[in-house]
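**Q** The chain contents come next:
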Amino acid sequence: MSKIKIKVGMASCGRAAGADKIYKKIESYIKEKNIDASVEETGCIGMCFREPIFEISSKNHKVIYGDLEEIDVPKIIDSFVDENPLQEKAILTNEFDAPENKNLATQTRIVLRNCGIINPESIEDYMENAGYKSLEKALKNMTREEVIAEIKASGLRGRGGAGFPTGLKWEFAYKEKSDKKYIVCNADEGDPGAFMDRSVLEGDPHSILEGMAIGAYAIGADEGYVYCRAEYPLAVKRINIAIKAAEAKGFLGDNILGTDFSFHLKLKEGAGAFVCGEETALIASIEGKRGMPRIRPPFPAQSGIWGKPTNINNVETFANIAWIIKNGANEFSKYGTEKSKGTKVFALAGKIKKSGLVEVPIGMTLREVIFDIGGGMKTEKDFKAVQLGGPSGGCIPKELLDTKIDYDTIQATGAIMGSGGMVVMDESTCMIDVAKFFLSFVQSESCGKCTFCRIGSKRMLEILDKISKGEGEMEDINTLKELAVKVKDSSLCGLGQTAPNPVLTTLKYFEDEYIAHIKDKKCPAGVCTNLLTYEIQPDRCVGCGMCAKVCPVDAISGEIKKVFEIDQSKCIKCGACFNTCKFNAIEKK
Amino acid sequence: MKFPNEIEEVFTKYENQKGNLIPIMQSIQEIEGYLSKESIKLISNKTGISISEIYGVATFYSLFRLKPQGKHVIRVCQGTACHVGNSKDILRAVREKLNLTEMEETTADNEFTIMEVACLGCCSLSPVIMIDDTTYGKLTPNSVKKIINNYDK
Ligand SMILES: Cc1cc2nc3c(=O)[nH]c(=O)nc-3n(C[C@H](O)[C@H](O)[C@H](O)COP(=O)(O)O)c2cc1C
Ligand code: SF4
Numbered sequence: 010m011s012k013i014k015i016k017v018g019m020a021s022c023g024r025a026a027g028a029d030k031i032y033k034k035i036e037s038y039i040k041e042k043n044i045d046a047s048v049e050e051t052g053c054i055g056m057c058f059r060e061p062i063f064e065i066s067s068k069n070h071k072v073i074y075g076d077l078e079e080i081d082v083p084k085i086i087d088s089f090v091d092e093n094p095l096q097e098k099a100i101l102t103n104e105f106d107a108p109e110n111k112n113l114a115t116q117t118r119i120v121l122r123n124c125g126i127i128n129p130e131s132i133e134d135y136m137e138n139a140g141y142k143s144l145e146k147a148l149k150n151m152t153r154e155e156v157i158a159e160i161k162a163s164g165l166r167g168r169g170g171a172g173f174p175t176g177l178k179w180e181f182a183y184k185e186k187s188d189k190k191y192i193v194c195n196a197d198e199g200d201p202g203a204f205m206d207r208s209v210l211e212g213d214p215h216s217i218l219e220g221m222a223i224g225a226y227a228i229g230a231d232e233g234y235v236y237c238r239a240e241y242p243l244a245v246k247r248i249n250i251a252i253k254a255a256e257a258k259g260f261l262g263d264n265i266l267g268t269d270f271s272f273h274l275k276l277k278e279g280a281g282a283f284v285c286g287e288e289t290a291l292i293a294s295i296e297g298k299r300g301m302p303r304i305r306p307p308f309p310a311q312s313g314i315w316g317k318p319t320n321i322n323n324v325e326t327f328a329n330i331a332w333i334i335k336n337g338a339n340e341f342s343k344y345g346t347e348k349s350k351g352t353k354v355f356a357l358a359g360k361i362k363k364s365g366l367v368e369v370p371i372g373m374t375l376r377e378v379i380f381d382i383g384g385g386m387k388t389e390k391d392f393k394a395v396q397l398g399g400p401s402g403g404c405i406p407k408e409l410l411d412t413k414i415d416y417d418t419i420q421a422t423g424a425i426m427g428s429g430g431m432v433v434m435d436e437s438t439c440m441i442d443v444a445k446f447f448l449s450f451v452q453s454e455s456c457g458k459c460t461f462c463r464i465g466s467k468r469m470l471e472i473l474d475k476i477s478k479g480e481g482e483m484e485d486i487n488t489l490k491e492l493a494v495k496v497k498d499s500s501l502c503g504l505g506q507t508a509p510n511p512v513l514t515t516l517k518y519f520e521d522e523y524i525a526h527i528k529d530k531k532c533p534a535g536v537c538t539n540l541l542t543y544e545i546q547p548d549r550c551v552g553c554g555m556c557a558k559v560c561p562v563d564a565i566s567g568e569i570k571k572v573f574e575i576d577q578s579k580c581i582k583c584g585a586c587f588n589t590c591k592f593n594a595i596e597k598k
Numbered sequence: 028m029k030f031p032n033e034i035e036e037v038f039t040k041y042e043n044q045k046g047n048l049i050p051i052m053q054s055i056q057e058i059e060g061y062l063s064k065e066s067i068k069l070i071s072n073k074t075g076i077s078i079s080e081i082y083g084v085a086t087f088y089s090l091f092r093l094k095p096q097g098k099h100v101i102r103v104c105q106g107t108a109c110h111v112g113n114s115k116d117i118l119r120a121v122r123e124k125l126n127l128t129e130m131e132e133t134t135a136d137n138e139f140t141i142m143e144v145a146c147l148g149c150c151s152l153s154p155v156i157m158i159d160d161t162t163y164g165k166l167t168p169n170s171v172k173k174i175i176n177n178y179d180k
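Read top to bottom, the protein sequences are chains C and R. In my numbering, each residue's number is its place in the first sequence (first place is 1) plus 9. In my numbering, each residue's number is its place in the second sequence (first place is 1) plus 27.
Careful, some of the hints might be misleading.
[Claimed, not checked] Straight-line Cα separation of at most 30 Å, DSSO-like style, residue types lysine-lysine; simulated pairs:
#, chain 1, residue 1, chain 2, residue 2
1, C, LYS530, R, LYS115
2, C, LYS582, R, LYS29
3, R, LYS165, R, LYS124
4, C, LYS298, R, LYS124
5, R, LYS173, C, LYS98
6, R, LYS45, C, LYS317
7, C, LYS597, R, LYS165
8, R, LYS115, C, LYS298
[Stated by the list, open to error] Facing chain C, from chain R, some residues (calculated, C-beta under 8 Å):
#, residue
9, THR39
10, ILE49
11, GLY75
12, LEU90
13, LEU93
14, GLN96
15, THR107
16, ALA145
Calculated directly from the structure, the hints in this document are not laboratory data. C-beta atoms are modelled at their ideal positions from N, C-alpha and C, and glycine is treated no differently.
Assemble the whole structure, with the sequences as input and the hints as a guide.
**A** In structure tokens form, the structure reads like this:
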């Protein structure tokens, strides 16, 4: 074994931040200097705001470094050759003070237990960390009923959004009598602003496979699918590698671990339709059809893929299973609240300092997650709202920051816990714009089956558009509320039923902002272009004329070295001058 | 039709598999860059699924393209975090750089196709784009133009 081991965070986020270059630099440096070191890929440790990241260990030391550039690589490796780790750029270690030492200590890692630690393309790595031991335990020491009872006792609820108790779901599928049953992992992660599932798929694919195999055993399925969205090419690749490796080791396939249990798993790539995250649409899509939801009952547990009983769970739900079987239901239910057990992974993004993934016991408050763990705001502007639950969720305002995050408490605010995306917004975010964003998302993703989902959401969007242009009337607010109720009540699937939530929550908590757009014709956040004015501040303008050059409609005139002026009647509010001026002489109001 | 051999292999691979329509379409699109009229007819012949049903599937899913695309595909993320991080400015910069109007998707020289896509899942690095299979994050209108320069012939 090499003296020095280096693991580079190479999930999509790491790669986007330049981890490839760092990886190549490490390879070439150890080769050039003939250093006894090995370099490997690992998943996302969750500290995306510090990417690129690597962990380096030697006989006596282990440190994680972040915010890396190529020039840092030789210095760090040399310091490990000398067994005297460099302190600069260190972000996490238990050897000395480093800025993120507290970061992991405040988290409880069950789902992310291996993410950023093991090499996701190595089944050996997974097995060294107790991998597939739970499958063995379930198959050899537990009956199918005992597995279901254990999951029921753990209190685990589905992490795909609705929070349905997993053990109960398994029991439904178990009780169905059929010659064939299917188990499916929903890896469609369509919520914009959520990337928990991607990180697990990319960082610890075997934990999902093991959870699925245990589930298949419990319900009596012999075939399964991972339905993964095609926008995640790396996840698709890693799942495929993992399936092959698990087959080769006999954890998937016929007569697993010498028992009479057989289970075959395939990957299906999605083709870019958000509604396919809905269970019945997902089934239609696996069957090769348009992904349109259908009426339930019959529920998938009774009639799913090709009419056979089918159990669908989310990525994160499956990633919990092996841990529960290994450590027991009691250990799991120690975490969380009375009705929501265990931990939840959240994807922090938006105007937050420490964006990335965190896993915390359910029941922490929003404030703790955003300010204590997430480090608070990235910008100088104040916190305004946090968006939970994507297009089905809502915006929760400052006054409710002490809300506990569990399924039921979040639902009471009008948002939903959803799959775990948390997008933090500051004073520069316009709530009408946010509502418009989500509504146009669901509007374009609606499958079109239900009239209210298809056309009602379009009408709501038109009204929001009108308001954002300063053409709204007070009556519009009532019309929005009325339409919202109708869309909710007359939609077949969760997409339509929750589509009005972003509008309703912004109306509930930020009505003032709607009124400012309607009555004062102002966008307080300075986002809605039609309500903005750009003005040149005479005291700061040096008369360089750059603004006049970039203005696409020649609305700016003036003489060089004198103050320029914008003709408001010509201005189309594109902001080109604002972005160009080097002297901050243009003000946006 | 171009690439007849590769396409034949796709049919062999998925022969007699239930629910094979979408994977067949995905594989052929990968080969051809899009789904041509001829290949849709061929899929219909081979699978016995009607052309209208195939067309229905092709238009339902946003990943399927019925028109040829450029050599490089630029996906501009329009997820929540990117939206809040002004992805519209990035989109505008890409269009400007490639001389594309709001309605156009592919450059005249067939080098680039631009697509607005839902979340790419790299929210912590927003705003983000993906060129072919490579993701770029923390973009500004200027940096995105420089990145595209690297792909110019
Ligand atoms: C429009 C729509 C989109 C959905 N998208 C997803 C998704 O991307 N991932 C997911 O796990 N669940 C999604 N769901 C929820 C699933 O339908 C289903 O409840 C979930 O996969 C069940 O797994 P769980 O019990 O483990 O949560 C979606 C639901 C709706 C209505
Ligand atoms: S609610 Fe909307 S997405 Fe769901 S089935 Fe109806 S039209 Fe389709």
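**Q** Checking against the hints above, which ones are violated?
**A** 2, 4, 8, 9, 11, 13 and 14
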